[in-house]
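**Q** As you go down the protein sequences, you meet chains A and B in turn.
If you want the working numbering, it's the position in the first sequence, counting the first as 1, plus 328.
If you want the working numbering, it's the position in the second sequence, counting the first as 1, plus 500.
FYI, nobody ran anything at the bench for these hints, they're computed from the structure.
Glycine residues also receive a C-beta, built at the ideal position from the N, C-alpha and C atoms.
Any given hint could turn out to be false.
[Claimed, not checked] Dumping the calculated SDA-like pairs for lysine to any residue here, alpha-carbon to alpha-carbon at most 25 angstroms: (1) A:Lys668 x A:Thr641; (2) A:Lys519 x B:Tyr537; (3) A:Lys515 x B:Thr534; (4) A:Lys668 x B:Glu603; (5) A:Lys522 x B:Arg536; (6) A:Lys661 x B:Leu597; (7) A:Lys516 x B:Tyr537; (8) A:Lys515 x B:Arg536; (9) A:Lys668 x B:Leu597; (10) A:Lys668 x B:Gly598; (11) A:Lys515 x B:Pro535; (12) A:Lys509 x B:Arg536; (13) A:Lys657 x B:Leu597; (14) A:Lys668 x B:Gly593; (15) A:Lys668 x B:Arg564; (16) A:Lys522 x B:Thr534; (17) A:Lys657 x B:Ser599; (18) A:Lys509 x B:Tyr537; (19) A:Lys522 x B:Pro535; (20) B:Lys510 x A:Glu463; (21) A:Lys681 x B:Gln565; (22) A:Lys519 x B:Val530; (23) A:Lys657 x B:Gly598; (24) B:Lys608 x A:His383; (25) A:Lys516 x B:Arg622; (26) A:Lys661 x B:Gly598; (27) A:Lys516 x B:Pro535; (28) A:Lys522 x B:Val530; (29) A:Lys516 x B:Arg536.
[Stated by the list, open to error] With the C-beta cut set under 10 angstroms, the calculated list includes, among others, these residues of chain B facing chain A: (30) Gly524; (31) Thr534; (32) Pro535; (33) Arg536; (34) Thr563; (35) Met566; (36) Cys589; (37) Ser594; (38) Ser599.
In case you want the letters, here they are:
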Amino acid sequence: MTDKSDDAKEIKVDYTRLRIPFGPVHPALKEPISLRVTVRKEEILDVDIRLGHVHRGIEALAENRNLVQTLYLVERICGICCHSHTTCFTQAVEEIGGIKPSERALYLRTLIFELERIHSHLLILGLVGYDIGFETLFMFCWHVREEVLDLFEEITGNRVHHAMNTIGGVRWDLPPHLIEKVNVSLKKIEKSAKYIYDVFQDKTVEKRLCEVGVLSYNEAQELCIVGPTARGSGVSMDVRRDYPYAAYKELKDRFSVVLKYGADTYARTEVRISELFESINLIRTILDELPNGSISMEESVLKLMREIPEGETVSMVEAPRGELLHFVKTDGKEGLRRLKVRTPTLANILGLKPMLIGGEIADIPVTLASIDPCIGCANRITVVDEDQGEVRVIGLEDLRRRGRKR
Amino acid sequence: MSVTARSRIKSPWLFHLNTGSCNGCDLEIVAALTPRYDVERLGCVLVGSPRHADVLLVTGPVTRQMLPRVIRVYEQVPEPKVVVAIGSCASSGSPFLGSQMIEGPLDKIIPVDVYVAGCPPRPEAIVMGIVTAVKRKFG
Numbered sequence: 329m330t331d332k333s334d335d336a337k338e339i340k341v342d343y344t345r346l347r348i349p350f351g352p353v354h355p356a357l358k359e360p361i362s363l364r365v366t367v368r369k370e371e372i373l374d375v376d377i378r379l380g381h382v383h384r385g386i387e388a389l390a391e392n393r394n395l396v397q398t399l400y401l402v403e404r405i406c407g408i409c410c411h412s413h414t415t416c417f418t419q420a421v422e423e424i425g426g427i428k429p430s431e432r433a434l435y436l437r438t439l440i441f442e443l444e445r446i447h448s449h450l451l452i453l454g455l456v457g458y459d460i461g462f463e464t465l466f467m468f469c470w471h472v473r474e475e476v477l478d479l480f481e482e483i484t485g486n487r488v489h490h491a492m493n494t495i496g497g498v499r500w501d502l503p504p505h506l507i508e509k510v511n512v513s514l515k516k517i518e519k520s521a522k523y524i525y526d527v528f529q530d531k532t533v534e535k536r537l538c539e540v541g542v543l544s545y546n547e548a549q550e551l552c553i554v555g556p557t558a559r560g561s562g563v564s565m566d567v568r569r570d571y572p573y574a575a576y577k578e579l580k581d582r583f584s585v586v587l588k589y590g591a592d593t594y595a596r597t598e599v600r601i602s603e604l605f606e607s608i609n610l611i612r613t614i615l616d617e618l619p620n621g622s623i624s625m626e627e628s629v630l631k632l633m634r635e636i637p638e639g640e641t642v643s644m645v646e647a648p649r650g651e652l653l654h655f656v657k658t659d660g661k662e663g664l665r666r667l668k669v670r671t672p673t674l675a676n677i678l679g680l681k682p683m684l685i686g687g688e689i690a691d692i693p694v695t696l697a698s699i700d701p702c703i704g705c706a707n708r709i710t711v712v713d714e715d716q717g718e719v720r721v722i723g724l725e726d727l728r729r730r731g732r733k734r
Numbered sequence: 501m502s503v504t505a506r507s508r509i510k511s512p513w514l515f516h517l518n519t520g521s522c523n524g525c526d527l528e529i530v531a532a533l534t535p536r537y538d539v540e541r542l543g544c545v546l547v548g549s550p551r552h553a554d555v556l557l558v559t560g561p562v563t564r565q566m567l568p569r570v571i572r573v574y575e576q577v578p579e580p581k582v583v584v585a586i587g588s589c590a591s592s593g594s595p596f597l598g599s600q601m602i603e604g605p606l607d608k609i610i611p612v613d614v615y616v617a618g619c620p621p622r623p624e625a626i627v628m629g630i631v632t633a634v635k636r637k638f639g
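Work out the full structure: start from the sequences and follow the hints.
**A** See below:
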């Protein structure tokens, strides 16, 4: 043994370290993401994030299409925040073309925007509930969410991809009988949101979420974390307030930016719940102050598109997950020379590393859900002990069970 | 009809695979499972592992990175299995057709039994798709 082991001695193998590939197929999330987690027993030592499973080459496709085709293509970047993407893109195109949409169109854009925020927040609150083993809460949140989807269907004709925006305005108007209907639905949603608020005040939920996935104020600032994730760490940032767009210029004083200083999963959840109420109030204000006028330009969209000159601009909106940025460069011949999209999740995913390190395996699903990632569908987790050459497969259910035991 | 065949019709277990979809279809699949549409009352359960599933629901236009995973997941589903392509992307590639990164549509890669068109299809359409698939294959 001693003769042979001169080489072997040099390699120090730490048998207590395990590497767990997490993903890319996962039922709690909607899109594929892959995490490689190194653990010692239950403690997480390191996290490696791999992206690109849903890379569809949208930016390259956009370069071969005209502006109106691209408008519907950018909507398909994400099914949850599709209105944010189209708003961001149309704003950029309108800025290049010098087109000013009417006040009513801007207000309607904002209305759909806030409805989208409610639906997105309800969705992720439900998923947080599911990941801590509170399935009733998950079902309840998604039931309330249907109310918002009904409104979308009434106003725009589709539950998910609304296709509300067009160059120079919006495509659908809000007749008086729908205003009535939105008000009635808002009452129901507010009642349910209050109930959800009460449920999250519960001691069990609080204990499960507090001190999990901590991201300090300094880390959040260094990593440029955006949206509710940053606001949960006390970073005061909101594109709606800082760089107002659409109708937010007029509505600037009518909503407040929710800030929490807990910096953990619970704080991020709290921010989202409070934003539900802010959005509901904002929609009421919009409905009260909805200006009259036309909703789109007199010229057809195709004519407007042909008149867009060569130019470039950056446009920003506050999507439900945070700051969304589009860089648009037109070629003056109906098309695009370059489109660059920076989604909030890409910014927030960097925060996963400080959040997870030092935590436990059981906290992975809920921490991941708390940043509201727009990626991922990983179904099994393979525990690979590389040193022993042993592969153990842990189902997500098993992982969740561990999470619930806590 | 044997007991196993009957139980397959009575409670088809679903596995959902996202191959690069935009989330729209995935949301509608989950919406079909939640109280408003509630396919669980028909015996459908969304399971966490393809090895437990009878029905494979595939969304998205199959990106290059997901291609080997699609084949692997398909092979893991035990026979007899049904594949339902949910949404226009999985059925035809739809807006992403022509992209360098897309290997789909799905029927180029694995055999598909039922196509549910729509961008995204409504939960009712998804339920209808599952029912048609189960009837055709197991009935």
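**Q** All hints, please: hold or fail.
**A** Consistency of the hints with the structure:
1. A:Lys668 x A:Thr641: holds, 11 angstroms
2. A:Lys519 x B:Tyr537: With Cα atoms ~22 angstroms apart, Lys519 (chain A) and Tyr537 (chain B) stay inside 25 angstroms; holds.
3. A:Lys515 x B:Thr534: Holds: Lys515 (chain A) and Thr534 (chain B) sit about 22 angstroms apart, inside 25 angstroms.
4. A:Lys668 x B:Glu603: holds, 23 angstroms
5. A:Lys522 x B:Arg536: holds, 21 angstroms
6. A:Lys661 x B:Leu597: holds, 23 angstroms
7. A:Lys516 x B:Tyr537: holds, 19 angstroms
8. A:Lys515 x B:Arg536: Distance of about 19 angstroms is within 25 angstroms: holds.
9. A:Lys668 x B:Leu597: holds, 20 angstroms
10. A:Lys668 x B:Gly598: holds, 19 angstroms
11. A:Lys515 x B:Pro535: holds, 20 angstroms
12. A:Lys509 x B:Arg536: holds, 19 angstroms
13. A:Lys657 x B:Leu597: holds, 23 angstroms
14. A:Lys668 x B:Gly593: holds, 22 angstroms
15. A:Lys668 x B:Arg564: Roughly 21 angstroms between the alpha carbons, so the hint for Lys668 (chain A) and Arg564 (chain B) holds.
16. A:Lys522 x B:Thr534: Holds, because 21 angstroms separates the two Cα atoms, which is no more than 25 angstroms.
17. A:Lys657 x B:Ser599: At roughly 20 angstroms apart (the allowed maximum being 25 angstroms), Ser599 (chain B) and Lys657 (chain A) satisfy the hint.
18. A:Lys509 x B:Tyr537: holds, 22 angstroms
19. A:Lys522 x B:Pro535: This hinted pair holds, its Cα atoms lying about 20 angstroms apart.
20. B:Lys510 x A:Glu463: With Cα atoms ~24 angstroms apart, Lys510 (chain B) and Glu463 (chain A) stay inside 25 angstroms; holds.
21. A:Lys681 x B:Gln565: holds, 23 angstroms
22. A:Lys519 x B:Val530: Holds, at roughly 24 angstroms.
23. A:Lys657 x B:Gly598: Roughly 22 angstroms between the alpha carbons, so the hint for Lys657 (chain A) and Gly598 (chain B) holds.
24. B:Lys608 x A:His383: holds, 19 angstroms
25. A:Lys516 x B:Arg622: holds, 23 angstroms
26. A:Lys661 x B:Gly598: Between Lys661 (chain A) and Gly598 (chain B) the Cα gap is close to 21 angstroms, so the pair holds against 25 angstroms.
27. A:Lys516 x B:Pro535: With a Cα-Cα distance of about 16 angstroms, the restraint between Lys516 (chain A) and Pro535 (chain B) holds, given a limit of 25 angstroms.
28. A:Lys522 x B:Val530: holds, 24 angstroms
29. A:Lys516 x B:Arg536: Holds, because 15 angstroms separates the two Cα atoms, which is no more than 25 angstroms.
30. Gly524: Status holds, d = 3 angstroms.
31. Thr534: holds, 4 angstroms
32. Pro535: holds, 4 angstroms
33. Arg536: holds, 5 angstroms
34. Thr563: holds, 6 angstroms
35. Met566: Since chain A brings a Cβ to about 6 angstroms from Met566 (chain B), closer than 10 angstroms, the hint holds.
36. Cys589: holds, 8 angstroms
37. Ser594: holds, 8 angstroms
38. Ser599: holds, 4 angstroms
In summary, this structure violates none of the numbered hints.
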